[in-house]
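Chains as they are written, first to last, in the working numbering: chain A, 1 to 417; chain B, 418 to 661.
Some clues are possibly wrong.
[Unchecked claim] Facing chain B, according to a computed beta carbon distance under 8 Å, are these residues of chain A, among others: (1) ALA54; (2) THR56; (3) ASP57; (4) ASN263; (5) LEU365; (6) TYR372; (7) ARG376; (8) GLY377; (9) LYS380; (10) GLU382; (11) PHE391; (12) GLU394.
Keep in mind the hints are simulated off the structure, nothing from the lab. Glycine residues also receive a C-beta, built at the ideal position from the N, C-alpha and C atoms.
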Amino acid sequence: MNLINYQNEFQKLLERKYFSSEMHPLRKDAFTKLETTGFPTQKWENWRFTNLSALTDNHFLISEVKDAPQNSIDTSQYEIEGVETIVIYNGHFQKDISSIPDGIELLTGSEYIERNNNELIHSEKSPFDLLNTAFMDSGVCLIVGKNTIAQTPVRILFISNGDNSIMVNPRVYLDVESGSSLTFVEEHVGDATALFQNEAIYISLEENSEIEHIRIQSNSVNTHNIVSLHVSQCSNSRYNFFQYADGSKMARSNIYIDLDGENAECSINCLSLSRGTQHLDNSITVNHNSPHTHSSQLVKSVLFDNSTGVFNGRTVVKKDAQKIEAHQSNKNLLLSKSAKMNSIPQLEIYADDVKCSHGSATGQLDDDALFYFQSRGIPKAEAFVLLVSGFISEVMENIKFVTVKDHIDQKINSWIA
Amino acid sequence: MLEIKNLHAKVEEKEILKGVSLSVKPGELHVIMGPNGAGKSTLANVLAGRDKFEVTKGEIQFNGEPLIDMLPEHRAGEGMFLSFQYPVAIPGVNNMYFLKAAVNAVRKYRGEDELDAVTFLKMIREKLKVVELDDSFIHRPVNEGFSGGEKKRNEILQMISLEPKLAILDETDSGLDIDALRIIAEGINNYRNKDRAFILITHYQRMLNYMKPDFIHVLMDGKIVKSGPKELAHELEEKGYSWI
Chain A
1 MNLINYQNEF QKLLERKYFS SEMHPLRKDA FTKLETTGFP TQKWENWRFT
51 NLSALTDNHF LISEVKDAPQ NSIDTSQYEI EGVETIVIYN GHFQKDISSI
101 PDGIELLTGS EYIERNNNEL IHSEKSPFDL LNTAFMDSGV CLIVGKNTIA
151 QTPVRILFIS NGDNSIMVNP RVYLDVESGS SLTFVEEHVG DATALFQNEA
201 IYISLEENSE IEHIRIQSNS VNTHNIVSLH VSQCSNSRYN FFQYADGSKM
251 ARSNIYIDLD GENAECSINC LSLSRGTQHL DNSITVNHNS PHTHSSQLVK
301 SVLFDNSTGV FNGRTVVKKD AQKIEAHQSN KNLLLSKSAK MNSIPQLEIY
351 ADDVKCSHGS ATGQLDDDAL FYFQSRGIPK AEAFVLLVSG FISEVMENIK
401 FVTVKDHIDQ KINSWIA
Chain B
418 MLEIKNLHAK VEEKEILKGV SLSVKPGELH VIMGPNGAGK STLANVLAGR
468 DKFEVTKGEI QFNGEPLIDM LPEHRAGEGM FLSFQYPVAI PGVNNMYFLK
518 AAVNAVRKYR GEDELDAVTF LKMIREKLKV VELDDSFIHR PVNEGFSGGE
568 KKRNEILQMI SLEPKLAILD ETDSGLDIDA LRIIAEGINN YRNKDRAFIL
618 ITHYQRMLNY MKPDFIHVLM DGKIVKSGPK ELAHELEEKG YSWI
């Protein structure tokens, strides 16, 4: 595995004055491990449908001061009503145009480490976790204190623009303390012509807390996008995740959920829309570590042209996790003969009193349905839009905050049209 | 209104219609009966413009216009309506949204103003009463989880909303209980007028107890082999098709 470009960039990073040297041992340790494992190849079971060679063939540079905006940036085109927004531009936090609602604490990475007795929660589930730890740049840590119901959603808007071949490694921590709730939106946008974004998110839900997490991946179709989402849930917590993806050339979402406490519940919903030669991969692992936990996965893809997709959904029920309920559903709509979907629904059950289901269906648009619409006077192009929207609508029902849902609906409508 | 001359059609290389001729004038109700596999549904689908049925010979005129090369959505705009034998379920598409899209597409084709949401809802509520369905019905996905009777009533609801000139009802009476049959027959009867024609495809005489057809046609092996007045239906019911 040729990591020479990354080695060069790593040396540059260590010399950066504005990165705290306290973090260096952690970064070095992660990078050393990464040098041993290398990036995944298609020989790795969980990566066999996703080609990552572009990550080593290209030389991605760490984001420099010159990659930060030179003038004030206009974010009006990304406006969502009733949402507070934190802006990160090419890996640089834009304090002037960022705001957060009352009741939520925003910490920098170093403040967060201090708060956690110099222990940083990180993970080594894949080499991309290691890469993120080694290179993490824009750190955003949000803390929702005990018994706080945050009415206003918080969004992190990641804007990636420009022609430089850059790499960003955002790191997000989200701690929701007991009895609290938050709607958290992350939106990835921009026109970057060569970007590698390797994001890591750590979400911790204490007892009786709740998060609506909406991830909008609408970055440029030249982006290589990896996200690793780590969620740990205490008892009676609820985590609702919705991911909308129409951006990226190659994208892989690694989603790891640990249902650690009894009655913890998660709902994972993804909608991927791809065209051209886009490749969108969703890899989900839900661990039922405690009894009486619930999970559901609903993952839908619509594929045009030569685009490809992967659904790898794995639900693991630990030995003593009795009386759990787990459901998995993957549905895919192929709108061209050369589009391709790989679907791998998996259940691993080591307990004996559980309720589980899984299913996967891939098909084309129903000719009978198309004709039915036409026979009622609806022109074929309009019928097509109605049917694709109909396929999508089931997964959209999972977004609760209206203006965020409208925002995504608009994206869908312009994508289909 | 409709002139079919020597119509031949095939599906997947198999010839189904082998020379059908039929003339329908405004205000008339024609009934087509015949054994399974005779080509009744094929005829209905060819008229509605289903492209998997290929017309190989013959001609069709609808309101003086050649029909064969016309798009299905334009046929609907011109006033053709097919009530499907097996209406397809469409999960995720709200019935009202579908009906509104259909009504407005047809209105647009006919050069009429599209209906706004309020006017449409008022109109559709009136039509729902005719087919004896409540409001909740239009908020469900199209035909999804509908009973056999509900699907057929939904077809009639679409028919009376789209106001066609010619309605072809393909076994709309199959699989219905007596009440649903009455509702549908009444819906059709109330909807008959001097400008509007119907073609009813059926296996049974029972629907005809509720209505007054002008002609009965027997379709066998891809051809109309016998035509006659209403009494012919009784005869067919008693004797079957073998005597023809």
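Hints, verified against the model:
Proximity of ALA54(A) to chain B is violated relative to the hint, the smallest CB-CB distance being about 35 Å (cut-off 8 Å). The criterion of a C-beta within 8 Å of any C-beta in chain B is not met by THR56(A), whose closest approach is roughly 41 Å, and the hint is violated. Interface hint at ASP57(A): violated, since its Cβ lies 41 Å from the closest Cβ of chain B, which is beyond the 8 Å cut-off. Of the supplied interface hints, the one on ASN263(A) is violated, with its beta-carbon coming no nearer than about 31 Å to a beta-carbon of chain B, more than 8 Å.
Taken as an interface hint, LEU365(A) does not check out: its beta carbon lies about 11 Å from the nearest beta carbon of chain B, beyond 8 Å. Taking 8 Å as the C-beta cut-off, the interface hint given for TYR372(A) holds, the closest approach to chain B being about 5 Å. Contact between ARG376(A) and chain B, as hinted, is supported at the beta carbon level, the nearest pair being about 4 Å apart and thus within 8 Å. Hint on GLY377(A) holds. Least Cβ distance to chain B is approximately 4 Å, under the 8 Å limit.
Interface restraint check: LYS380(A) against chain B, minimum CB-CB distance 7 Å, threshold 8 Å, status holds. Here the hint on GLU382(A) is kept, as its CB sits about 7 Å from the closest CB of chain B, short of 8 Å. Annotation: PHE391(A) was flagged as interfacial toward chain B, and the flag holds, the nearest CB pair being 6 Å apart, inside 8 Å. Checking GLU394(A) against chain B: minimum C-beta separation of about 6 Å stays under 8 Å; hint holds.
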